[in-house]
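**Student:** Here the structure of chain A is known, so what remains is to put chains B and C in place on it, guided by the hints.
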Amino acid sequence: MLELIEVSKSFRMGLFGRNRKVAVQDVSFSIKEGEILGLVGESGCGKSTLARIALKLIDPTSGRIVLNGTDVTDMQEKEFRVHRKQIQIVFQHPEGALDPHYTLMASIAESFNKLKIPKGDRKAFLERLADEINLPLEILDRYPNQVSGGEIQRAVLARIFAFQPKYLILDEPTSMLDLSVQASILQLLKIKAKQDRMGMLFISHDLEAVRAICDHVMVMKDGKILEEGPVERVFESPGTPYMRMLISSI
Amino acid sequence: MINNTTNCVLIMRARLTRVIARNPQRAAGLAVLLALSLMAVFASQIAPHDPRQTGIPYQAPSFEHLLGTNDLGQDLFSELIYATRVSLVIGFFAGIISLVAGVTIGVFAGYYRGWAEELLMGTTDVFLLIPGLPLMIMLAAYLDPSMWNIIIVVGLLWWCSTARVVHSRVLQIREMQFIESTRALGFSDLYIIIKHVLVNTKDIIFAKFSLAVASAMLSEASLSFLGLGDPMNISWGEMTYFAFSRGGFANDMWWWYLPPGLMICISIMGFLMVTIEDRKDSKLLELI
Amino acid sequence: MMLLCIRNLSVTFDTLRGPFRAIEGIDLDLYEGETLAIVGESGCGKSVLGHAIMRLLDDIATVDGSVKYKGQEVYSMEKSELLNLRGKSISLVPQSPSTSFNPVLKVGEQIKEIIEKDRIDKGPAAKKRAIDFLAKAGFSDPLSIYNSYPHQLSGGMCERALIAMAVSVEPELIIADEPTKGLDALSRKSLLAMLHEMAQGASMIMITHDLKAAATCRRVTVMYSGEIVEEGRTSNLLNSPKHFYTQGLLEAQPSRAMLPIKGRHTLLSHNDIGCRFRERCDAADEMCKNHPVLRRRDVMEWVRCHHA
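Residue numbers (the working numbering), protein chains in the order written: chain A, 1 to 250; chain B, 1 to 288; chain C, 1 to 308.
Here chain A stands alone, though its shape is the one from the complex (with noise of 0.2 angstroms):
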């Protein structure tokens, strides 16, 4: 279980850091295995920095982070290496997310040799991952810019998923995407939280695609949480007017 207790980050703005801005306050919540959590919100609600924290690419003002029953809220870069590979993150923009000078099988491939898979084993290896994720083989000798937005994203996966993750936190993945890609990478996530009982933070402002694919909801505004719950309990009766008012817009 990855969990965050009353996590909150501000940052400094302005000349000296005069200002402070509050992006994420008093957030608590646990990612469990084989569950898919989403969270939804307007732009700028704080979702992204809040991902951010979850994977310990930035620290938070206050609050823990724990992990599995370890607390790593105070653990340097160093330390938390080797918990780094249990969770992942994937984001919005397939346009940076892979280096455009490698060819997608050789991002896939670059963490072969941190993961100690032996050389004759690799082939395989990439091929039961491609297929995992549905990506044609003729596909992978190709650039990031000769590929869909789609076919990036899925590699995105097929590099994180040789790792093995127990935690993905998924940064509105398929905003970008065609309504047909982004169907099948949703049925992909959802088979893969159930089946390898992998915990999942589902990030997105597509109030359609969480309630298609996600156990449990949490509406976030201006930095706070301000609903959780099941949801369906959550769509069905809505608790706070703003997620009546994010409903309706659907």
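Since the hints were derived computationally from the structure, they do not count as laboratory data.
None of these values were measured; they are calculated from a predicted model.
Fair warning: there could be bad hints in the mix.
Unchecked claim - Label pairs and their in silico Cβ distance ranges:
no.: 1; chain 1: C; residue 1: G201; chain 2: A; residue 2: S249; range: 22 to 28 angstroms
no.: 2; chain 1: B; residue 1: I194; chain 2: C; residue 2: T15; range: 30 to 36 angstroms
no.: 3; chain 1: A; residue 1: K32; chain 2: B; residue 2: I276; range: 53 to 59 angstroms
no.: 4; chain 1: C; residue 1: S240; chain 2: B; residue 2: P24; range: 54 to 60 angstroms
no.: 5; chain 1: C; residue 1: E73; chain 2: A; residue 2: S249; range: 39 to 45 angstroms
no.: 6; chain 1: B; residue 1: I46; chain 2: A; residue 2: L115; range: 52 to 58 angstroms
no.: 7; chain 1: C; residue 1: E170; chain 2: B; residue 2: I20; range: 47 to 53 angstroms
no.: 8; chain 1: C; residue 1: S80; chain 2: A; residue 2: I58; range: 50 to 56 angstroms
no.: 9; chain 1: C; residue 1: P19; chain 2: B; residue 2: E64; range: 55 to 61 angstroms
For every residue, glycine included, the Cβ atom is placed at its ideal position computed from N, Cα and C.
**Tutor:** What follows is chains B and C alone, placed relative to chain A:
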């Protein structure tokens, strides 16, 4: 076996034609640089005479002496060939020095940000403000006139613009998502810098390097023309200086001062043409 | 009255890998005051079509066919006529809001510049007009937006300002390229409402991959792989689509079955003569190896499929 070789040749040729078709200017620049390098490497084979061997002075061009002789009767054509070596070596090594210093500073300042950035880029800005040529003249006049001193002086003055450009490119790259996601996969900073940041900066580094070499050659020529060059290793710049100080200009011997000047122009143009960017179907990609 | 009449329009790009036909044989009519959505996946050529209408591809592509604007052929216009056509008659709301403004000029100044270029107003009057249109675009404090630089605005705000800029010259036709891309549900809803309100009296072509946005237009054209595959009144088309591709798109929505269309959208297979969708279509058979024509099924309803 034979089949394999022909195949190889065919593939190489196809590749070459593609490079030329994609960017004819760069191909032309590369050809110029290749010719110059060959000239420098095989100077002793190409030059018809030993450039130090003396003979009848002030001869006009002839078959024996393609560019005539100087005031000591030394063959100018051979001198020109040998000078290629000196000019290229000075330009190349000065370029390397500026490259190593500039890229290291630019990458570290851009990737780590914070006070290191302030310090490094602040220093760079100070260096950028110093007028280059006068300082070079001062340093070159103060130090012994040796080739390596010139290389160091010129090289150390050219790193700052490289550092600036690399720095701003690195700033751009470090904000890209693949850097963050590679970090999330647990790769170390050094790995990310080498495999991702540098690789994505290499176009700029390469372009900056050829510009630095070209500028170094030009600075060297200016210094030499002012008589601050290394008399033991005669470069093109120095040839024009000698033509000026030892009677070439006075006797209207254009075959003495014009060829080295032309060689400087051609090699600089070669380096500049190499930096011309690929034509890309960027507009098309944007629309689709 | 017919405002725009496109016949047999094709656009070919000359790429390093050889010619690439982005759109082929497009026929499209647009009447005055009408709103039309062009829907399709990325790479289907919908943006190219939008640019080709305004003749913005002259120097990078070969364009064949005819685009008539109010009966006048766009592709035989003089330079000065063309400059009048762009902006004053047809106004484009470009795709990427964050890069479509000049980053070093204030947003308002750029709107004012357009107003002055089209000689609608000058000086203070032009500034007032720019502020008025920013207010109409839903900004509660238009003056501060006028004085902001593009990087100070969010994506949604930039999009609004771009729309204000496009409508401020009162064009007869607005071409909006992916106006809702990347916006959250709330912003999308209010932006679409604002766009339709501001476009009132004018005609609009909305290029989009977002079926919800398309649903706000009167007529919808579906494009696949450079061709129009289906066209019809919005309610008919979205409720009972005839082409298998349109059906697939609708079923892919998360609110429906969320079923992906099988296979992948390939870009460069235009030497092929059959139906371009047949590899991904469950109903494909021998007949589909012949290229289907765009058939008229009913009043204002067209479909390119042997089985529909």
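**Student:** Hint by hint, say whether it matches the structure.
**Tutor:** Now the hints, each set against the structure:
1. G201/C - S249/A: 22 to 28 angstroms: Once the Cβ atoms are compared, 26 angstroms apart, the range 22 to 28 angstroms for S249/A and G201/C holds.
2. I194/B - T15/C: 30 to 36 angstroms: holds (33 angstroms)
3. K32/A - I276/B: 53 to 59 angstroms: holds (56 angstroms)
4. S240/C - P24/B: 54 to 60 angstroms: Holds, since S240/C and P24/B (Cβ atoms, about 56 angstroms apart) stay within the stated range.
5. E73/C - S249/A: 39 to 45 angstroms: Given about 43 angstroms between the Cβ atoms, the range holds.
6. I46/B - L115/A: 52 to 58 angstroms: Distance hint for I46/B, L115/A holds at roughly 55 angstroms.
7. E170/C - I20/B: 47 to 53 angstroms: With a Cβ separation near 51 angstroms, E170/C and I20/B satisfy 47 to 53 angstroms, so the hint holds.
8. S80/C - I58/A: 50 to 56 angstroms: holds (55 angstroms)
9. P19/C - E64/B: 55 to 61 angstroms: holds (58 angstroms)
Of the numbered hints given earlier, the model fails none.
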